[in-house]
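Undergrad: Letter by letter, the chains look like this.
Number of protein chains: 2
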Amino acid sequence: MGIIVQKFGGTSVGTVERIKAVAEKVKKTKKEGHDVVVVLSAMSGDTNRLITLAKEFNEKPSLREMDVLLTTGEQKTIALLCIALHSLGLDAISMTGDQVRLKTDSTHSKARIIEVESANITKQLKIGKVVVIAGFQGRCENNNITTLGRGGSDTSAVAIAATLKAIECQIFTDVDGIYTTDPRVEPNARRLDFITFEEMLVMASLGTKVLQLRSVEFAGKYNVPLRVLSSFKDGEGTLISYEKKEYGMESPIISGIAFNRNEARFTIAGVPDKPLIASKILYPIGNANIDVDMIVQNTVGNKQTDFTFTVHREDYDETHILLEKVKADLGADSISANSEITKVSIVGVGMKNHPGVAQTMFKALGREGINIHQISTSEIKISVLVDAKYMELAVRTLHKAFDLEKEPFEEK
Amino acid sequence: MGIIVQKFGGTSVGTVERIKAVAEKVKKTKKEGHDVVVVLSAMSGDTNRLITLAKEFNEKPSLREMDVLLTTGEQKTIALLCIALHSLGLDAISMTGDQVRLKTDSTHSKARIIEVESANITKQLKIGKVVVIAGFQGRCENNNITTLGRGGSDTSAVAIAATLKAIECQIFTDVDGIYTTDPRVEPNARRLDFITFEEMLVMASLGTKVLQLRSVEFAGKYNVPLRVLSSFKDGEGTLISYEKKEYGMESPIISGIAFNRNEARFTIAGVPDKPLIASKILYPIGNANIDVDMIVQNTVGNKQTDFTFTVHREDYDETHILLEKVKADLGADSISANSEITKVSIVGVGMKNHPGVAQTMFKALGREGINIHQISTSEIKISVLVDAKYMELAVRTLHKAFDLEKEPFEEK
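If you read the sequences in order, they're chains H and G.
Just so it is clear: in the first sequence, position 288 is 449 by this note's numbering, and no numbers are missing.
Just so it is clear: in the second sequence, position 305 is 466 by this note's numbering, and no numbers are missing.
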């Protein structure tokens, strides 16, 4: 028994019936003997309605006032859930970000959390109350209302769980856990009981969308066990934590396959090989706020270099224009560009100790005639670029090659 | 030049267009050189929508959580008005009740104001900002969100004006001022340029609905000049203050005529005349939370009393039942009841020095064949009960008898 933080997103509190269902879930956890802290988002649709309303006055409304406006969404749901909990006979009390004393910096619309006070929450837990907290919001040192930006409610939940030393921070979503890969691409995809923070971070950064990267980083930093669960059906979900061994399992070599459909790849060929060539090519692109991903520099023959990198597909046109200028400036030979490209990655902490993983991957893809354009690796992932048309085939091939449809071994 | 507090109600901020119109009014006052503090209600309809939503969970929702829920309404309008003001080139900042530090007691849903801090507001005024404050809301000493109940935004505005020593607190409504009487009853009714607090208090308690009694009391107590204005058309409105003399006018004898349609009158006749008879009759009625208004006790003949009083018409049935029991208990002769009765009152501080006023009133009504059932007087008002069917005729007759359609004299 201990403190459990449960976070429900906008879809989970989107209607009266769903709020009632959330109340039942909270009641169940409370009856199991836990102290329960609930963190809520605004009802789905409310935030967009408020943004639309604000834009009737000003296309670029003040960020400070937008924060004042949007935080009403969560304030509404916390009151409603408390009222619903009272109807189930539970004692519950709502708290705004301010009442918790969730302190942030003053970057309106994407503030960073500085500190969360625990005293106000624990005082209520001690007298048996369920504490229902507005996610996404805080106060800066000047007492202005701030919001935490995209995925902010997850971040609130993790920060509160860290402060309270909660035994678990449960993130309720519209999926029932983290899968070996997207089940819409590979129907044999399997829900993972467990995944490490490292893996989850890499999966999230490589395109797995269940959790915001930021809240995973935050949970990892403060060692808050995260559990992803469905708001709509029962189940154990997926636990995200540091140590698999605690859970009596040997690491599987590969935990999952991530993919990112929207990549574009550029090669600028025949660049005279001078110092700082990479920075000269990438500077104007970074300056235009375009994220550059996989980079390869390859010196061919005498004093000439081919330089290749990927960007997000929506930046394709702008990158192309910028690169034409770079080509002229540097006296390069040519640019080749491909916007029909996909990144597929295998992720697993187990690969650290299994040197044959890359070869298994390349062989499996090769057997299916899938050409690999580019490779990038880190300690716990291998990413390859393939033609977009092979994306689904590549994912299914790798899923099978690494036996991901099967449960990993229990204890060695 | 000085600080002006402008309060706009729910109808005045009920749509995007109306909020834009409010922004224009605020801009005009600011351009005249005043420091402007705006106090807002929720958009009309929003509060009722939130109440309906809460009742989906619980017919009697927690008052604490209802305060959390309902205060989102004003928080929404203050942000929107600031965004609208920015579009007009004005510097504006919103403040919740908490950010102002408007402290109340902890009676959720009808909290009383304890203190309003001025520092946070004046700091913003000093740097040229329009300060837009959420009405109706505050915080109690335990940092819970509270609301001030019916007319709460007016009360917020008056309290803030008192704290800031504002030169005027302007209440914008859907009428353009206080009239000598209701123009729907007497088309010749005239807007008053001025009325004293005493008169306004009596008018409000006698049925004139433009201002809540509580905010008038509050303004009177802290000597905050109030001005009632229309949100929808230009004009000077009506100033409510203590001293007419400042405004270069001699008091008119009568300032206005108030009426209350929904009265019911009971007489319990032939009550044996014993000590405490009034309390024995009225105790069960007061106990049922029924307000008793005009009371007359008249001892007729030997040891018997007729006892007469009025109640609100909606309490007619309940009062009748209670009174039958009283009749039996006390051994009284009979009860007569009349639910078709109206109270008409003339109000004016000038009548203190004009003894003939009552006679003018009674004569005027008598000339029209209007029978007076009962009379009640105070220093600055005379109320009479007449049959409901004569209400309009009585109002028009008195309006004419006291020349209310004419402007009062300038200086004697």
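Since the hints were derived computationally from the structure, they do not count as laboratory data.
A hint or two may mislead.
Where chains are identical, the list cannot tell them apart; a pair therefore holds if satisfied intra-copy or between any two copies.
Claimed, not checked - Taking lysine to any residue and the SDA-like style, the derived pairs with C-alpha atoms no more than 20 Å apart in a straight line are:
1. 287 with 193
2. 188 with 500
3. 464 with 414
4. 264 with 304
5. 290 with 224
6. 192 with 485
Undergrad: Each hint needs a verdict: does it hold in this structure or not?
TA: Each hint, compared with the structure:
Taking the shortest alpha-carbon separations for residue 287 and residue 193, only the intra-copy value of 16 Å comes in at or below 20 Å, while the best inter-copy value is 56 Å. Taking the closest pair of Cα atoms, residue 188 and residue 500 never come within 20 Å of each other, the shortest separation being 50 Å inside a single copy and 52 Å across copies. Taking identical chains as interchangeable, the C-alpha atoms of residue 464 and residue 414 are never at most 20 Å apart, the minima being 41 Å within one chain and 105 Å between chains. Both within a single protomer and between protomers do residue 264 and residue 304 lie at most 20 Å apart by alpha-carbon distance, with minima of 9 Å and 16 Å respectively.
For the identical chains of this complex, residue 290 and residue 224 are inter-copy neighbours only, at 17 Å across copies versus 34 Å inside a copy, given an alpha-carbon limit of 20 Å. Taking identical chains as interchangeable, the C-alpha atoms of residue 192 and residue 485 are never at most 20 Å apart, the minima being 65 Å within one chain and 53 Å between chains.
Hint violations for this structure: numbers 2, 3 and 6, all remaining hints satisfied.
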